[in-house]
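Protein chains: 2
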Amino acid sequence: MELSKRVLEMQESPVRKLVPIATRVKKQGKKVFHLNIGQPDIETPKVFMEAINNYDSKVINYSFSQGEPKLINSIRAYFKRDGIIFDEDEVLITNGGSEALTFTTIAICDPGDEILVPEPFYTNYNGFTGGVNVNIKPITTLAQDGFHLPSKSEIIKLITPKTKAILFSNPGNPTGTILRLDEMEMIAEIAKEFDLFIISDEVYRGFAFDGLKGISMGSIKGVEDRTIIIESVSKRYSACGARIGSIQSKNKKLIKNILKLCQARLCVATLEQVGAAELYKLDDEYTAMIKDEYQKRRDIVYSTLQKIPGIVCEKPSGAFYLVAKLPVEDAEEFVIWMLEEFDVDGETVMLSPAEGFYATEGLGKDEVRIAYVLNTDAMIRAMYILEKGLEKYNS
Amino acid sequence: MELSKRVLEMQESPVRKLVPIATRVKKQGKKVFHLNIGQPDIETPKVFMEAINNYDSKVINYSFSQGEPKLINSIRAYFKRDGIIFDEDEVLITNGGSEALTFTTIAICDPGDEILVPEPFYTNYNGFTGGVNVNIKPITTLAQDGFHLPSKSEIIKLITPKTKAILFSNPGNPTGTILRLDEMEMIAEIAKEFDLFIISDEVYRGFAFDGLKGISMGSIKGVEDRTIIIESVSKRYSACGARIGSIQSKNKKLIKNILKLCQARLCVATLEQVGAAELYKLDDEYTAMIKDEYQKRRDIVYSTLQKIPGIVCEKPSGAFYLVAKLPVEDAEEFVIWMLEEFDVDGETVMLSPAEGFYATEGLGKDEVRIAYVLNTDAMIRAMYILEKGLEKYNS
Numbered sequence: 001m002e003l004s005k006r007v008l009e010m011q012e013s014p015v016r017k018l019v020p021i022a023t024r025v026k027k028q029g030k031k032v033f034h035l036n037i038g039q040p041d042i043e044t045p046k047v048f049m050e051a052i053n054n055y056d057s058k059v060i061n062y063s064f065s066q067g068e069p070k071l072i073n074s075i076r077a078y079f080k081r082d083g084i085i086f087d088e089d090e091v092l093i094t095n096g097g098s099e100a101l102t103f104t105t106i107a108i109c110d111p112g113d114e115i116l117v118p119e120p121f122y123t124n125y126n127g128f129t130g131g132v133n134v135n136i137k138p139i140t141t142l143a144q145d146g147f148h149l150p151s152k153s154e155i156i157k158l159i160t161p162k163t164k165a166i167l168f169s170n171p172g173n174p175t176g177t178i179l180r181l182d183e184m185e186m187i188a189e190i191a192k193e194f195d196l197f198i199i200s201d202e203v204y205r206g207f208a209f210d211g212l213k214g215i216s217m218g219s220i221k222g223v224e225d226r227t228i229i230i231e232s233v234s235k236r237y238s239a240c241g242a243r244i245g246s247i248q249s250k251n252k253k254l255i256k257n258i259l260k261l262c263q264a265r266l267c268v269a270t271l272e273q274v275g276a277a278e279l280y281k282l283d284d285e286y287t288a289m290i291k292d293e294y295q296k297r298r299d300i301v302y303s304t305l306q307k308i309p310g311i312v313c314e315k316p317s318g319a320f321y322l323v324a325k326l327p328v329e330d331a332e333e334f335v336i337w338m339l340e341e342f343d344v345d346g347e348t349v350m351l352s353p354a355e356g357f358y359a360t361e362g363l364g365k366d367e368v369r370i371a372y373v374l375n376t377d378a379m380i381r382a383m384y385i386l387e388k389g390l391e392k393y394n395s
Numbered sequence: 001m002e003l004s005k006r007v008l009e010m011q012e013s014p015v016r017k018l019v020p021i022a023t024r025v026k027k028q029g030k031k032v033f034h035l036n037i038g039q040p041d042i043e044t045p046k047v048f049m050e051a052i053n054n055y056d057s058k059v060i061n062y063s064f065s066q067g068e069p070k071l072i073n074s075i076r077a078y079f080k081r082d083g084i085i086f087d088e089d090e091v092l093i094t095n096g097g098s099e100a101l102t103f104t105t106i107a108i109c110d111p112g113d114e115i116l117v118p119e120p121f122y123t124n125y126n127g128f129t130g131g132v133n134v135n136i137k138p139i140t141t142l143a144q145d146g147f148h149l150p151s152k153s154e155i156i157k158l159i160t161p162k163t164k165a166i167l168f169s170n171p172g173n174p175t176g177t178i179l180r181l182d183e184m185e186m187i188a189e190i191a192k193e194f195d196l197f198i199i200s201d202e203v204y205r206g207f208a209f210d211g212l213k214g215i216s217m218g219s220i221k222g223v224e225d226r227t228i229i230i231e232s233v234s235k236r237y238s239a240c241g242a243r244i245g246s247i248q249s250k251n252k253k254l255i256k257n258i259l260k261l262c263q264a265r266l267c268v269a270t271l272e273q274v275g276a277a278e279l280y281k282l283d284d285e286y287t288a289m290i291k292d293e294y295q296k297r298r299d300i301v302y303s304t305l306q307k308i309p310g311i312v313c314e315k316p317s318g319a320f321y322l323v324a325k326l327p328v329e330d331a332e333e334f335v336i337w338m339l340e341e342f343d344v345d346g347e348t349v350m351l352s353p354a355e356g357f358y359a360t361e362g363l364g365k366d367e368v369r370i371a372y373v374l375n376t377d378a379m380i381r382a383m384y385i386l387e388k389g390l391e392k393y394n395s
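Here the protein sequences come in this chain order: A and B. Here the first sequence is numbered in this note's numbering, starting from 1 and rising by one per residue. Here the second sequence is numbered in this note's numbering, starting from 1 and rising by one per residue.
Just chain A, same shape as in the assembly:
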């Protein structure tokens, strides 16, 4: 009764595995500022619950395997605002961006195939690929370059006959980096030359600061048939617990085949789709409001970090994360110490050790990801506690 190699080899989520420690110290009465998980404190727009509360069917029926037509059309209209046109049969609703990525991986890779991913990357990419026997080949990016891509020749070196796709999140989790247009065009060029799919995880689109505009990969010409866009309501609409994501692609054959996977699992929760359809209707004013709020939070975090001796961190331009090199040897040990041993008047801060965001052994050991998902007052307090914690830890 052995378990499978694939599950035994899978790492525990580095973001979630320290949760039991946090739960324990909170039970003991400590207050924990959670900067370790991308769970925003922003109110979920009321239209979401209103739509669900008004749902008037007596039976909570199966939805369509492809998704609720209302939600699909709402998403299509959202993309259309940026001139990106998807037909009705080019969108699939999924159980969060997570299922969107798992299904995409299954549909384009057989066991042993490879996907290129700039590192550090969203750690759960390991789960979506490892569970279905696909390997991630990291494209290393560096803090001192603001985590931008290396040159085309550096990337091409990593391609083998097993390489099927390039996957990246843009704006980036955990880096907060927004790809420049020339980087996106380079990706498109490589994909065409080596016949690869492009999987563009755009769940943080809209979180673009300092006047930047996060461009969707859907706007890049000449690669429409090989571009797959991953969407989610979790972050933009602060509805993480709704678990509504989607896959968009002009490659109808791909969508038709992923639909087979959707059919096997029948459908995504009906009520959540009803609510999510309303979220995508929110106008640009909503997005601008959200963006301004997060820019303020980013500024607080970044300016505090600048003042702490020994921290290396470029100013991030998007999403709501940043990766910082701390003046410690082992960031995970520091994070656990902050939870278990340290507090300022009964309060402490929880961060994510960044090692798990790298595929290359040894990278990120002294780095953390900070999610600036709390209101500005809480962020100011949390940064103060972090500063004091580092002082004490290193004394």
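Fair warning: there could be bad hints in the mix.
In this list, chains with the same sequence are indistinguishable; a pair is considered to hold if it fits within one copy or across any two.
Here are the simulated DSS-like pairs of lysine-lysine, each with C-alpha atoms no more than 25 Å apart in a straight line [said to hold, decoys possible]:
(1) K46 with K5
(2) K250 with K5
(3) K5 with K162
(4) K296 with K80
(5) K137 with K5
(6) K58 with K26
(7) K58 with K46
(8) K27 with K152
(9) K30 with K281
For the record, the hints were derived by calculation from the structure and aren't laboratory data.
Given chain A, put chain B in place with the hints provided.
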């Protein structure tokens, strides 16, 4: 830009692939009685929507990867009624029984491994295994035996070093067969002798007619560490669109490893878990009421089928399906003909061709699955239309 072999080789859901035809004829004004899908017309108990409507958090937060503690405890209490004890860390909440089965498969099988499944079986088992490169080895069961298991020696013949588990639904979809205690004990014996896991899909538990009691595999002694129970609110509580399932096992190592897969996809929809926690609290009176209703429906279907010349069908004792051999050569052609060419006063019936429920080539070609999920009046009318349809088709 090839798609993966595993997705290309996957069959379209035989239950869902004819849906576009039904949608088209309905648009043209035809009324279709849907006996093709296990979507009950029974009202979802009001406690489900009430709990959701009373949910008072301003942010729809992530839930725990393992699931909401309230729901987990509610499920534990449900099993305890039958003397089956699960600890808190022996239950995982999943996106329907579908995800429960996919995760279980990934956790106990590597690519190329095999799972024994009595056929005909729930066709989506193909999706949950094929997508992750696991092969189903069918144990053929026959209509004339009421789809009960063959002898131990017949089953053992199918076991190879690649065999990791026996999977079955009990009560059975699509057969409506309830395993006898001696069959369950035989499965336990085989599992022990050949060191296999037992995956018991019990989403139809409670639907047991004629005084029979569907026994949970969790009651069978001596195999607790190798038994995995798959649960769902979809059928018992008529909440298919909620997508709440769960995995139960006394094998803590297994649960701990499946939790890694749960962590990668973060969580199951928060609101649906809040609602589902109330469903599992419904008492035995509710289950008895549901069972009586379905028994009435079963009787209508079975007695009509008995009168139609050329139909072979044993009386099913559970779930809400039966498999019938029709006096036609190709059941799929007949189902399409019923949709496109036939009606009684503008009304017709949709059934599921059963071929897709078999893994052995050639079996089930003249069989259909009938889901008796509509109220008794509708079932009487639908059976009348089926009878007339068969008459005309064969004339």
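Hint check:
1. K46 with K5: Neither way: K46 and K5 sit 45 Å apart in one copy and 44 Å across, limit 25 Å.
2. K250 with K5: between (36 Å within a copy, 21 Å between copies)
3. K5 with K162: both (21 Å within a copy, 13 Å between copies)
4. K296 with K80: neither (29 Å within a copy, 51 Å between copies)
5. K137 with K5: So K137 and K5 pass the 25 Å test inside a copy (19 Å) and across (21 Å) alike.
6. K58 with K26: Between. Shortest inter-copy distance 22 Å satisfies the 25 Å Cα cut-off; intra-copy 41 Å does not.
7. K58 with K46: both (23 Å within a copy, 8 Å between copies)
8. K27 with K152: neither (51 Å within a copy, 52 Å between copies)
9. K30 with K281: neither (40 Å within a copy, 34 Å between copies)
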